[in-house]
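Those protein sequence lines, which keep their order, are chains A and B.
Residue numbers -19 to 285, in my numbering, belong to the letters of the first sequence in order.
Residue numbers 61 to 351, in my numbering, belong to the letters of the second sequence in order.
Check each hint, because a few of them may be wrong.
To be verified - Straight-line C-alpha distance at most 30 Å; calculated DSSO-like pairs for lysine-lysine:
(1) A:K167 <-> B:K128
(2) B:K193 <-> B:K238
(3) B:K128 <-> A:K81
(4) B:K285 <-> B:K199
(5) B:K193 <-> A:K167
(6) B:K339 <-> B:K128
(7) B:K238 <-> A:K167
(8) B:K116 <-> B:K285
(9) B:K106 <-> B:K285
(10) B:K116 <-> A:K81
(11) B:K285 <-> B:K119
(12) A:K81 <-> B:K285
Said to hold, decoys possible - To give a feel for the contact side, a few chain A residues facing chain B, derived at Cβ under 7 Å:
(13) A41
(14) W163
(15) P209
Calculated directly from the structure, the hints in this document are not laboratory data.
Just so it is clear, the structure is predicted and the values come from calculations on it, not from any experiment.
A virtual CB, placed ideally from N, CA and C, is assigned to each residue, including glycine.
In case you want the letters, here they are:
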Amino acid sequence: MRSLESIIRRGQRQDLIFKVMGIVLTVLCLGTLGVLMLDLAVSGLPRLTAGFFTSFPSRNAEEAGILSAWVGSLLIMIVTALLAIPLGIGAGIYLEEYARKNWLTGLIEINIANLAGVPSIIYGLMALGLLVYKFHLGTSILTGGITLAFLILPIVIVATREALRAIPQNMREAAYALGASRWQVVKDHLLAYSAGGISTGVIIALGRAIGETAPLVTIGALTYIAFLPPVPFTHTEAGQMVSPVAWVWSPFTVLPIQMFNWVSRPGDDFQANAAATGLVLMLATLGINGIAIIIRYRIRRRIKW
Amino acid sequence: MVNTPPTGSTSGTPAGGTTPPKIQSLRTDSPRADATETRPVKADVKNLSFYYGSFKAVKNVSLGFYEKAVTALIGPSGCGKTTLLRCFNRMHDLYPGNRYEGAINLHPSGVNIVGPHASPIEMRMRVSMVFQKPNPFPKSIFENVAYGLRLRGVRSRAELEGRVEQALRGAALWEEAKDRLRDGAYSLSGGQQQRLCIARALAVEPEIVLFDEPTSALDPIATGKIEELIEDLRTRVTILIVTHNMQQASRVSDYTAFMYLGEVIEYDRTAKIFTNPAKPLTEQYISGRFG
């Protein structure tokens, strides 16, 4: 039999090995990301001037900018958010709080989890067949927004269900015991207590959508576009008032497509443009995730049981 | 261990089958008791059975609960006392596969709480509940008490404030909470949280208040305060309390029902149950020989 001391030493040695391994791997991952960011910053930062954001793409790399791309990304995100948030949260609430737990809801649950893992280009193909060819919505901001909404819907549903599941059952019982109806329990309690988890999930889903390229390329998004969607309530050259929703029918491009377009061109100056766009995209995603963290932190601090 | 399993479910109860018990006097050793009063029955349980799926958790129970008195339900774990309690506000309806049989008639209106025509929401508005673990909402102290009133359509600020104060006073929490009504309910201690839950249950002026082991998560001092509170409430509202603590049952209740395996073995005045029980099984449980 070995001495107690040697057994303890052995445990401590294993502890140390694991700790060193963990540190090395963490540094490796974060270091790679850091080097990538740095590389993007070095080549892209000189191009990040105000003009870069206010110019359309151009054959001349120095004059080219991402105006149409960031406006396109922003508008698509608005459509996506308007569709995916109410639908996803509604479906999550229904499945978690209203639906009976039987084989059908079990099947739906498994399928939603699977949908979250479907490659995004498949959503693009579906949108091309359904929205573009069948419903004739065209290669518009509306089509793009709906496509990305489909893509992130499962993430929003799963996040909503998990946030609801994290609420202790005794909160529901307390509310029901006072005579609340199911909807009153949802509206007055569950939504309030799960707001942190749900909004975190929604924001992370939007962060994923903003970087999506494949499904938008599939539905035929433009790679070069030198005009903006019509601004609501302005007047066209013919003197007609522009409808407040006319912009949803406009063709579009988005940041990752613009970036891809520049990457595929020869010449260092376009590569710098691509790097600068990549930097903008990275910062946008980081910013979105940062907002999610702040919201979660704030709400967690407010709610405890 | 039990040597003689019970055979008749209600034969030893004052209910004597389906007729509500008619006890002509309260226990005379209590200063609260009025020896000449005939208490009316508030809730009349008739042949009540309850099923979790195919499992019969409450078996053909019949007894009458007196108005403005405290009745304790005692018995070993799994005897069906909490299940019986949760029939009174239809809590079982929240989960699938549950089924009631028989009746709980609420007097004087005569509505059958577990009947097919009774609305669970209406029953929960008339019968409120205090749970085992304090479960205030993660909202302010004020909003916790006001929520039940808001559900009943009270909108006026002045009325809400008045009734919240009244309820907090009734739950002996007003002095501690009056300067911090806007603070979160979870800034209170465990015992205060439970008194907040009692205030929340009282604010809606219920006909019956159900207590499901209200002190099992609390320390002895907080427990003492809750017991004092129940003492104060007994003249104002009908109280049913489930407890594992037999000293507590003997301290706070006027009547006690001893349950075992889903049946009511004995139901009588508390003083009688604890000093001279009619059934050997009751005697064995009271004296701590099982359970």
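Enumerate the violated hints, using their earlier numbering and listing them in ascending order. Result: hints 1, 3, 8, 9, 11, 12, 13, 14 and 15 break, sorted rising.
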